[in-house]
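Visitor: Chains as they are written, first to last, in my numbering: chain A, 4 to 302; chain B, -14 to 323; chain C, 65 to 397.
Treat the hints as calculated values from the structure; they're not laboratory data. Where hints are given, some of them may not hold.
[Claimed, not checked] Result set (DSS-like, lysine-lysine): computed pairs, CA atoms no more than 25 Å apart in a straight line: (1) C:K239 x C:K199; (2) C:K239 x C:K176; (3) C:K156 x C:K199; (4) B:K129 x C:K323; (5) C:K239 x B:K254; (6) C:K199 x C:K176.
[Unchecked claim] Derived CB-CB ranges, DEER-like: (7) A:S184 x C:A375: 49 to 55 Å; (8) B:P296 x A:S184: 53 to 59 Å; (9) C:Q332 x B:D113: 42 to 48 Å; (10) A:F30 x B:S276: 29 to 35 Å; (11) A:G191 x C:Q216: 27 to 33 Å; (12) A:G191 x B:E190: 36 to 42 Å; (13) C:T94 x B:E194: 43 to 49 Å; (14) B:R73 x A:Q23: 52 to 58 Å; (15) B:R260 x C:V361: 34 to 40 Å.
If you're wondering where the values come from, they're calculated on a predicted model, not measured in any experiment. From the three backbone atoms N, C-alpha and C, an ideal C-beta is built for every residue, glycine too.
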Amino acid sequence: MSDMTTDPLLAQITGPTPGQLLRRRIFGHQGLLIGAVVLALLVLVALFAPVLAPHDPYAQNLLERMQPPVFLGGTWNHPLGTDHLGRDYLSRLIYGARVSLLIGTIAALISGLIGTAMGVAAGYFGGRVDAVVTFLINVRLAMPVVLVALAVVAIMGGSLQVVIVVLGLLLWDRFAVVMRSSTLQVRGREYVAAARAVGCSTPRILLSEIMPNIVNNLIVVVTLEMAHAILLEAALSFLGLGVQPPTPSWGLMVSEGKNMMLFEPWMVLIPGAVLFVLVLAINLMGDGLRDVTAPENRS
Amino acid sequence: MPDPLLPEPLLTVRGLTIDIPVGGGTLHAVRGIDFDVNRGETLCIVGESGSGKSLTSLALMGLLGGRIDRRAARMEFDGIDLTGANKRTMRALRGDRMSMIFQEPMTSLNPAYSIGDQLTEALLLHRDISRDAARARAVELLEKVGITAAASRLGQYPHQLSGGLRQRVMIAMALMCEPELIIADEPTTALDVTIQAQILRLLVELGREMNMAMILITHDLGVVARVADKVAVMYAGELVETGSADEVFNAPMHPYTRGLLRCIPQPGKTERGARLGTIPGIVPSLVGKVSGCPFRTRCDQVVDACRQDVPHRHPGAGEHAFRCVHENGLRAGGEVVT
Amino acid sequence: MTATSKAETPVLELRGVTKTYSVKQGLFGTAKPLTAVNDVSLSLGRGQVLGLVGESGCGKSTLAKILLGLEAPTQGEVRVDGERIDAADRRKLARRIQPIFQDPYSSLNPRKSIEDIVSLPLLVHDVGDSASRSKAVREILDIVGLPARVMQTYPSQMSGGQRQRVAIARALIMKPEIVICDEPTSALDVSVQSQILNLLGDLRAEFGLTYLFISHDLAVVEHLATRVAVMYLGRIVEETQVADLFDTPRHPYTQALLKSVLTPDPGQGVPDTELGMEYPNPIAPPPGCHFHPRCPVAMDKCRTDRPYPVATPDGHVECHLFGGEQTQPTKSA
Chain A
4 MSDMTTDPLL AQITGPTPGQ LLRRRIFGHQ GLLIGAVVLA LLVLVALFAP VLAPHDPYAQ
64 NLLERMQPPV FLGGTWNHPL GTDHLGRDYL SRLIYGARVS LLIGTIAALI SGLIGTAMGV
124 AAGYFGGRVD AVVTFLINVR LAMPVVLVAL AVVAIMGGSL QVVIVVLGLL LWDRFAVVMR
184 SSTLQVRGRE YVAAARAVGC STPRILLSEI MPNIVNNLIV VVTLEMAHAI LLEAALSFLG
244 LGVQPPTPSW GLMVSEGKNM MLFEPWMVLI PGAVLFVLVL AINLMGDGLR DVTAPENRS
Chain B
-14 MPDPLLPEPL LTVRGLTIDI PVGGGTLHAV RGIDFDVNRG ETLCIVGESG SGKSLTSLAL
46 MGLLGGRIDR RAARMEFDGI DLTGANKRTM RALRGDRMSM IFQEPMTSLN PAYSIGDQLT
106 EALLLHRDIS RDAARARAVE LLEKVGITAA ASRLGQYPHQ LSGGLRQRVM IAMALMCEPE
166 LIIADEPTTA LDVTIQAQIL RLLVELGREM NMAMILITHD LGVVARVADK VAVMYAGELV
226 ETGSADEVFN APMHPYTRGL LRCIPQPGKT ERGARLGTIP GIVPSLVGKV SGCPFRTRCD
286 QVVDACRQDV PHRHPGAGEH AFRCVHENGL RAGGEVVT
Chain C
65 MTATSKAETP VLELRGVTKT YSVKQGLFGT AKPLTAVNDV SLSLGRGQVL GLVGESGCGK
125 STLAKILLGL EAPTQGEVRV DGERIDAADR RKLARRIQPI FQDPYSSLNP RKSIEDIVSL
185 PLLVHDVGDS ASRSKAVREI LDIVGLPARV MQTYPSQMSG GQRQRVAIAR ALIMKPEIVI
245 CDEPTSALDV SVQSQILNLL GDLRAEFGLT YLFISHDLAV VEHLATRVAV MYLGRIVEET
305 QVADLFDTPR HPYTQALLKS VLTPDPGQGV PDTELGMEYP NPIAPPPGCH FHPRCPVAMD
365 KCRTDRPYPV ATPDGHVECH LFGGEQTQPT KSA
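Chain A with its partners taken away, still in its complex shape (with noise of 0.2 Å):
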């Protein structure tokens, strides 16, 4: 306390640190909480599948076909009712999630280290290599992720590897896009220029001075991105494309499901269901996280 007073410098510095404020921020942002923690359970879920799952998700019993769920007069030996080829309906839907969140964050994670290579470096490198990678971007932007997905699932066949591979392959431009930006206005701070007058070298500016700036931004589209090859290959799968059966997929389950819609509603609305659960806890997450990173960057 003593010294407080006698150094008028030192007086003033007692704001919190970036972390401590960003930790206040994300405590205090219910969206991004619930967002997580849903996401968190579903994680939880899908690690522990063949601990939750009451059944095996592949063993047939065509005795025990189309029955009901426990809410729609069932029975508790499956919760959630049984499939067209007696498969227990909720333990399919507990190993799905492994493969939704397995496709969604590995489709994000190889898309994302693609974009961001590109998007870093035409913005701080700019010129040539920014117009190749602005082409690349719009001839990315040019085609139909769904008919390209399509015709080449259709070409390759369709597994859980070639699903990944191709959403991974297709939806960078986002990264790229935001990270070119973000990378633009990283560049032009004078602590760039600073850390360029003292020596250092390419790679460690881009490194420890771009990186950590816009990394923030980065996560976002990793989880918006996530949401969005979840959904792409519910789709696929829907569309007979995707993950093949009898590999439990949320897609495929709402597409097996269809044609008993009219009669028994809940085998497309439970898969359905969770899938819109999914998704909407990862863009909570994703929309909390650019709310409470986003003041800093203003600063």
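For this one, chain A is given, so just place chains B and C on it according to the hints.
Guide: For chains B and C alone, kept in the frame of chain A given last:
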């Protein structure tokens, strides 16, 4: 209290207070300031960042955000009460009888509209006038602010003009309705020194010609000295010293005013290369209860009494006033350092 | 040519430095050359402070970037201690020339602690181990007037003046010979500005630093500089000792600049600079003397013939009023 023999001032402000809610309390940004501006007179409010000078100007124009609490015992513009004025009254005043010039002309001009459209907007809004007459008036004013080929500029867009030209357009825009009061917030800070001199000269000349009152907000003591009739020195939300430019610059009383004048190198007075005076420390936090003299944490004349209420002092016969516990702004036995 | 009266090699020397950019106007416009710095020669002795003044767009920031190795000159060379410095060799240059920028809010990486920011130059140049680097940071912070406790804080927790002290500490930790100060105080409050100016003056005396001090505030330049160079449209139109320039300005542009200084003297009004309105377009500079469209004393010759540098007792001036015929072409001496 105004002298009954003198005409009523154009603008009267008494006890203006601005509170801003912030996380964890209230920021008492401006606390009970009083000032008058007469017709044709230039008042300079000088202060550093965080002193509340820009908030004061926005409060006068009724342009503070909704969360911000503005109170005043009295705030009158030519007899019109501004404290209780509704949005309609303020809109009718703004741009017509009082107008504002901002620091950054690039952000205050709308890039999507031509210069001509933006110049004539206020006039068409406030006056019953034809489009052609408004454009003629715009050309006249652009010429007045020293813009060549004025007629052809009307079709241009803000990005086609240089910084100095944009600021001239801003001034012309502020003058379109022949306002009685102009509030200029750091109008020349973003400009080169040569352009700054030209713009200030223009403002002063036009003010005199049109008998316009002006409130100029700035941190630049040089600008204040050359432009002001009256000076108000603002520190941490309070006016610590007010008076004529001559009184404040040649006989500063408040330790802050004196400190500021020691901080700047003055050609011909400060020895080249010598150490400049400093004001140690930083502006105090204005969140929560603020009491006593706000400058006491940095003042070289501080005594225990500075924690108490600070009296207003009037050293001479004129309008010169300052707030300090010391009768002449100096601790007993203290002396003026120059 | 700059008169170097001292026999010793100047610590900083520029010879015929020119920087030309190619500027494209509009989407389909053809690229036009913009000469931001035009054949500038300067020399600066150790411990001097060269004030560089001029309007925005005159090329002073480009000149600073060239000296920092952030831009390569199109022509000409930069010598430090007589040794030619290639802009490609940024690491070598970094040990000798360091910058202090204008905006202390943009010049410090918000994601790094003060210790990381100040020790970066040591890390990049592999100086010492982490313990000795930490010690060096503590020492330099003490020199710039910051307590060691700030090492673990972040820029957002500091005031503008404190940030500028951190920027100065970062610039000085490698013990450079030359510091390029680009408007180091113009973003600061008046009371903080004087603290930083005093600090810069003290550091110069203590470490024998040489400054290139870029500022638009002529009162500050007059206060701190030992020599002053006035720049207009890429050319140095006058360069001399500080007292000489402020007491007997020769170039009409210098005179106008000095007139535009607003000293805090009430009652004197705002001076008339007698300059025309517009800073000319650097892509299409006026013919003859670049300054003639704004010059109150322009002659016929000024409209057609470009002036050449004329030596004055302490420096040079480039104006037809003082001769400046094409008697000695100045192409790299």
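Visitor: A separate judgement is required for each hint: does it hold in the structure or not?
Guide: Hints, one by one, checked against the model:
1. C:K239 x C:K199: With a Cα-Cα distance of about 15 Å, the restraint between K239 of chain C and K199 of chain C holds, given a limit of 25 Å.
2. C:K239 x C:K176: Distance ~22 Å between K239 of chain C and K176 of chain C Cα, so the pair holds.
3. C:K156 x C:K199: Between K156 of chain C and K199 of chain C the Cα gap is close to 24 Å, so the pair holds against 25 Å.
4. B:K129 x C:K323: holds, 23 Å
5. C:K239 x B:K254: violated, 34 Å
6. C:K199 x C:K176: At roughly 18 Å apart (the allowed maximum being 25 Å), K176 of chain C and K199 of chain C satisfy the hint.
7. A:S184 x C:A375: 49 to 55 Å: holds, 51 Å
8. B:P296 x A:S184: 53 to 59 Å: holds, 56 Å
9. C:Q332 x B:D113: 42 to 48 Å: holds, 43 Å
10. A:F30 x B:S276: 29 to 35 Å: Cβ of F30 of chain A to Cβ of S276 of chain B: about 34 Å, so the range 29 to 35 Å holds.
11. A:G191 x C:Q216: 27 to 33 Å: With Cβ atoms ~28 Å apart, the hint holds.
12. A:G191 x B:E190: 36 to 42 Å: holds, 39 Å
13. C:T94 x B:E194: 43 to 49 Å: holds, 46 Å
14. B:R73 x A:Q23: 52 to 58 Å: violated, 46 Å
15. B:R260 x C:V361: 34 to 40 Å: holds, 39 Å
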